[in-house]
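Asks: Here is how the chains run, residue by residue.
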Amino acid sequence: DIQMTQSPASLSASLEEIVTITCQASQNIGNWLAWYQQKPGKSPQLLIYGTTSLADGVPSRFSGSRSGTQYSLKISRLQVEDIGIYYCQQASSTPYTFGAGTKLELK
Amino acid sequence: EVQLVESGGGLVQPGRSLKLSCAASGFTFSNYYMAWVRQAPKKGLEWVATISTSGSRTYYPDSVKGRFTISRDNAKSSLYLQMNSLKSEDTATYYCARYSGYWYFDFWGPGTMVTVSS
Numbered sequence: 001d002i003q004m005t006q007s008p009a010s011l012s013a014s015l016e017e018i019v020t021i022t023c024q025a026s027q028n029i030g031n032w033l034a035w036y037q038q039k040p041g042k043s044p045q046l047l048i049y050g051t052t053s054l055a056d057g058v059p060s061r062f063s064g065s066r067s068g069t070q071y072s073l074k075i076s077r078l079q080v081e082d083i084g085i086y087y088c089q090q091a092s093s094t095p096y097t098f099g100a101g102t103k104l105e106l107k
Numbered sequence: 108e109v110q111l112v113e114s115g116g117g118l119v120q121p122g123r124s125l126k127l128s129c130a131a132s133g134f135t136f137s138n139y140y141m142a143w144v145r146q147a148p149k150k151g152l153e154w155v156a157t158i159s160t161s162g163s164r165t166y167y168p169d170s171v172k173g174r175f176t177i178s179r180d181n182a183k184s185s186l187y188l189q190m191n192s193l194k195s196e197d198t199a200t201y202y203c204a205r206y207s208g209y210w211y212f213d214f215w216g217p218g219t220m221v222t223v224s225s
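The listed protein sequences correspond, in order, to chains A and B. Just so we're aligned, residue 1 is where the first sequence starts under my numbering, counting upward by one. Just so we're aligned, residue 108 is where the second sequence starts under my numbering, counting upward by one.
With the rest of the complex left out, here is chain A (with noise of 0.2 Å):
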């Protein structure tokens, strides 16, 4: 099975702050990676679909990239809305798998 590495596991940023969120995978998943947020009570909301591609009603503060089998999601100016846990997932091959979650909280 593919490991997807997130860190950090928790996060304290401050409003407006650029905020940065990693995930390794154990093997080479292309661009096959997405990453999800999950606001506190609710389902995971997909973000970020095939690497870099926001999914649909995203603000464009969030962006993704890649670099070898490092994935990054980045939002640049983080707003109090944001405040959630973030998941990566790789969709290269089953069984598909998550990240772990880094918890993003308002410093």
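The set of hints was computed from the structure by calculation and includes no laboratory data. All figures in this text were calculated on a predicted structure; none of them were measured in a lab. Treat the hints loosely; a few may be bogus.
[Said to hold, decoys possible] Cross-link-like lysine-lysine pairs, in silico, BS3-like; alpha carbons within 25 Å at most:
1) B/K126 with A/K103
2) B/K126 with A/K42
3) A/K74 with B/K150
4) B/K126 with A/K107
5) B/K150 with A/K42
Dock chain B against the given chain A, drawing on the hints supplied.
Replies: Same frame as chain A, now just chain B:
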């Protein structure tokens, strides 16, 4: 508007069975692969099952293979998960999810909680 609504969760004893349902609306259900994804309390996400548009192909991780069965009724726009030989580690919120056309989950239901305990 795409809507997915799960039902059928509850408290069940270890070794027993439970069947979850997911009612879909707002899109042509028969055109999409569908999946179940679960989340144990305060834990991360785990893919549980996938079914093709016709229902002829199904996929499972080793953790549930042989115990869980995913199925669908396209005439009723409904997805199901039959869970047998339940274990305490199956305790989780179970989400019905739609595949985007690639292997990403673009819509999720609110989830239904399954608790396996004696």
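Asks: Check whether the Cα positions of B/K150 and A/K42 lie no farther apart than 25 Å.
Replies: holds, 14 Å
Asks: Hey, A/K74 versus B/K150, does the alpha-carbon distance stay inside 25 Å?
Replies: holds, 23 Å
Asks: Between the alpha carbons of B/K126 and A/K42, is the straight-line distance 25 Å or under?
Replies: Holds, at about 22 Å.
Asks: With the threshold set at 25 Å, check whether the alpha-carbon distance from B/K126 to A/K107 stays at or below it.
Replies: violated, 43 Å
Asks: Would the pair B/K126 and A/K103 pass a check requiring their Cα atoms to be no farther apart than 25 Å?
Replies: Between B/K126 and A/K103 the Cα gap is close to 32 Å, so the pair fails against 25 Å, i.e. violated.
In this structure, the earlier hints numbered 1 and 4 are contradicted, and the remaining ones agree with it.
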